[in-house]
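Colleague: Residue-level listing of the chains:
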Amino acid sequence: MITINCRGQACPAPVIATKRALETSPSGVCVLVDNGAPRENVTRFAQTRGLQVTETADGSGWSLVIHGSGRQTVASPTLPVQTTGERILLVTSDRLGEGDDELGRLLMRNFIHTLLETVERPDRILFLNSGVLLTVQGAETIEALSALADLGVDLASCGVCLDFYKKKDQLAVGKTTNMFSTAEQLLGAASVVRL
Amino acid sequence: MSDHYLVKEGHCLAVFNSTHRVLKAEGLLKGLAFDILLIPAPRSLQADCGLALRFNVELLKAVQTLLKNHDLLPAYISCLQDGQYTTCEECPDDNH
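Chains as they are written, first to last, in my numbering: chain H, 1 to 195; chain F, 196 to 291.
Mixed in with the good hints there might be a few duds.
What the hints assert, rightly or not - No farther apart than 16 Å at their CA atoms in a straight line, the calculated lysine to aspartate or glutamate pairs in the EDC-like style are these:
#1 F:203 with F:277
#2 F:219 with H:102
#3 F:225 with H:169
#4 F:203 with H:143
Unchecked claim - From chain H, some residues computed to sit far from chain F (all C-beta separations above 12 Å):
#5 9
#6 16
#7 26
#8 54
#9 57
#10 85
#11 110
#12 115
#13 123
#14 184
#15 190
#16 191
The hints are simulated quantities; they were obtained by calculation from the structure and are not laboratory data. What you are looking at is a predicted structure, and each value in this text was computed from that prediction instead of being measured. We treat Cβ as the ideally placed atom computed from N, Cα and C, and that holds for glycine.
Generate the whole structure from the sequences, applying the supplied hints.
Modeller: Here it is, written out as structure tokens:
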């Protein structure tokens, strides 16, 4: 088992380094990461591949031991992406449609609220760009999104986007994600609806 | 029983027929720190624009008074009590 030191690295660098390390050492990898998004993202990356993660805190961060055979062969980048069968809603703006901004914002929150009443719901909602403004403190959509999360809808907001809008510490619902996970989830989805 | 995840017992809904009016009413009440939420009106209460302001029944009188004083009365106000929507105020004017 090899050990890689990703401390001090911002996402998605630790995830990319972990993926590369697993390709050269399929039996397992020990990843040293900082707490917060790097730890969460590396752990999620491994778990979505069916790998086991053992986390240990040490003085300066976390040690993640990743092992197991996984659901897909991480050593073979030529394999097609495994389809998850998920229905993903990709929210790239805090406004719905083009035109008046106030109307666009009204339509977007109305849409989010209406998702609670529809028979079919997405498995996952990914928030990118100004879409992340729907998931932070003070947003009118927090109550509805929290209810959707309680119903099993996975909510993930782009960490880069939260950082750009200086809202990183204000995420009120769901979790932070990175472009690596976002790209994989979009490519593996059964269907993606973009707003 | 409520047909809406966002409407619970003791909530009132001011249902509007005009998008501009509901936005003005929301701005007025929010500006006065009223605890309200603009939501799609439940199917059973749908009006033309399908939007409603949700608030607790304790605020009913204050909301009614404010909206009336600012000429922003909704089409009607319904409250959810014992699982049923009861219309508290109906405004016949079609300018809502």
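Colleague: I'd like to know which numbered hints this structure contradicts. Please list them from smallest to largest.
Modeller: 3, 11, 12
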